[in-house]
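Student: Residues per chain are reported as follows:
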Amino acid sequence: AQSVTQPDARVTVSEGASLQLRCKYSYSGTPYLFWYVQYPRQGLQLLLKYYSGDPVVQGVNGFEAEFIKSNSSFHLRKASVHWSDSAVYFCAVSPITEGADRLTFGKGTQLIIQP
Amino acid sequence: GGIITQTPKFLIGQEGQKLTLKCQQNFNHDTMYWYRQDSGKGLRLIYYSITENDLQKGDLSEGYDASREKKSSFSLTVTSAQKNEMAVFLCASSIDRVSGNTLYFGEGSRLIVV
Chain Y
1 AQSVTQPDAR VTVSEGASLQ LRCKYSYSGT PYLFWYVQYP RQGLQLLLKY
51 YSGDPVVQGV NGFEAEFIKS NSSFHLRKAS VHWSDSAVYF CAVSPITEGA
101 DRLTFGKGTQ LIIQP
Chain X
1 GGIITQTPKF LIGQEGQKLT LKCQQNFNHD TMYWYRQDSG KGLRLIYYSI
51 TENDLQKGDL SEGYDASREK KSSFSLTVTS AQKNEMAVFL CASSIDRVSG
101 NTLYFGEGSR LIVV
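Heads up: the sequence lines are chains Y and X, in that order.
Okay, so the first sequence: first residue is 1 according to this note's numbering, each after it adds one.
Okay, so the second sequence: first residue is 1 according to this note's numbering, each after it adds one.
Next comes chain Y alone, as it looks inside the complex (with noise of 0.2 Å):
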């Protein structure tokens, strides 16, 4: 089975500052790599998934991922982040062969814009 470990469960950042929050999985194939964003009171929204080619991926609002194969990571960055980033992030993995219903969350890492 599958498993996700964000290792650091609250990160604090200067506005204006880089940002990565990281993210390491277990799983013997290659799989789905995902991260949703959740802002306070509301649902989770995706920011970015990857299943192959460049192992950069683009999201939304400057967020990026590198998926490091060697490593097992898939960390997500973003160069300057605003006080809006403020949120909690998941990392998830889904194995390509099975359904989305073995979409595997790790426990999340809380954001903090300090001003």
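It should be emphasised that the hints constitute simulated quantities derived from the structure, not laboratory data.
Please read these numbers as outputs of a predicted model, since none were measured by experiment.
Keep in mind that a hint or two might mislead.
[As the list claims (entries may be wrong)] Below, simulated DSBU-like cross-link-like pairs (lysine-lysine); rule was C-alpha separation at most 35 Å, straight line: (1) X:LYS71 <-> X:LYS83; (2) X:LYS57 <-> X:LYS70; (3) Y:LYS69 <-> X:LYS41; (4) X:LYS57 <-> X:LYS83; (5) Y:LYS107 <-> X:LYS22; (6) Y:LYS49 <-> Y:LYS69; (7) X:LYS41 <-> Y:LYS49; (8) Y:LYS107 <-> X:LYS57; (9) X:LYS71 <-> X:LYS18; (10) Y:LYS49 <-> X:LYS70; (11) X:LYS9 <-> X:LYS57; (12) X:LYS9 <-> X:LYS70; (13) X:LYS18 <-> Y:LYS24; (14) X:LYS83 <-> X:LYS70; (15) Y:LYS49 <-> X:LYS71; (16) Y:LYS107 <-> X:LYS18; (17) X:LYS57 <-> X:LYS71; (18) X:LYS9 <-> Y:LYS107; (19) Y:LYS24 <-> X:LYS70.
Based on the hints, put chain X in the right spot on chain Y.
Tutor: Showing chain X alone in chain Y's frame:
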């Protein structure tokens, strides 16, 4: 675009009570899901439905029932509410069950057991 509407936003019930959460989607998606979100634990799948009148158990189905009488709606019932079940319940839908499809989520319903 579409929207997923969950009702109620807050559901307060007594221990042992049967409580029902409702979810409506206007995406015309085939597959719908119910997840439970506990603080610091990520999301765990309770039930999902591939199409109207279909029900499939997720990893956390014990203590819950579900109903999909129409394509656009998916209900979740807590059969006997317990205080350790206080959490946020998230409904989601996807165009179908194929892996890699984007899930679209509602805003959540918070269950409070007194």
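Student: Straight-line Cα separation of LYS71 (chain X) and LYS18 (chain X) no greater than 35 Å?
Tutor: holds (24 Å)
Student: Given the hinted pair LYS9 (chain X) and LYS107 (chain Y), is their alpha-carbon gap at most 35 Å?
Tutor: Given pair LYS9 (chain X), LYS107 (chain Y) holds - Cα atoms ~23 Å apart, limit 35 Å.
Student: Take the C-alpha atoms of LYS107 (chain Y) and LYS22 (chain X), compute the straight-line distance between them, and say whether it is at most 35 Å.
Tutor: Cα-Cα ~25 Å, so holds.
Student: What's the verdict on LYS9 (chain X) and LYS70 (chain X), does the C-alpha distance respect the 35 Å limit or exceed it?
Tutor: Holds: LYS9 (chain X) and LYS70 (chain X) sit about 21 Å apart, inside 35 Å.
Student: Are LYS41 (chain X) and LYS49 (chain Y) close enough, with their CA atoms no more than 35 Å apart?
Tutor: Distance of about 22 Å is within 35 Å: holds.
Student: Run the distance test for LYS107 (chain Y) versus LYS18 (chain X): straight-line Cα separation, threshold 35 Å.
Tutor: holds (28 Å)
Student: For LYS49 (chain Y) and LYS69 (chain Y), compute the direct alpha-carbon distance and say whether it is at most 35 Å.
Tutor: Judged against 35 Å, a Cα distance of about 15 Å means the pair holds.
Student: Straight-line Cα separation of LYS9 (chain X) and LYS57 (chain X) no greater than 35 Å?
Tutor: holds (24 Å)
Student: Please verify whether LYS57 (chain X) and LYS70 (chain X) have alpha carbons no more than 35 Å apart.
Tutor: Holds, at roughly 18 Å.
Student: Given the hinted pair LYS57 (chain X) and LYS71 (chain X), is their alpha-carbon gap at most 35 Å?
Tutor: Roughly 18 Å separates the two Cα atoms, so the pair holds.
Student: With the threshold set at 35 Å, check whether the alpha-carbon distance from LYS57 (chain X) to LYS83 (chain X) stays at or below it.
Tutor: With a Cα-Cα distance of about 22 Å, the restraint between LYS57 (chain X) and LYS83 (chain X) holds, given a limit of 35 Å.
Student: Take the C-alpha atoms of LYS83 (chain X) and LYS70 (chain X), compute the straight-line distance between them, and say whether it is at most 35 Å.
Tutor: With Cα atoms ~31 Å apart, LYS83 (chain X) and LYS70 (chain X) stay inside 35 Å; holds.
The structure fails to meet hints 13 and 19 from the earlier list, while all remaining hints are met.
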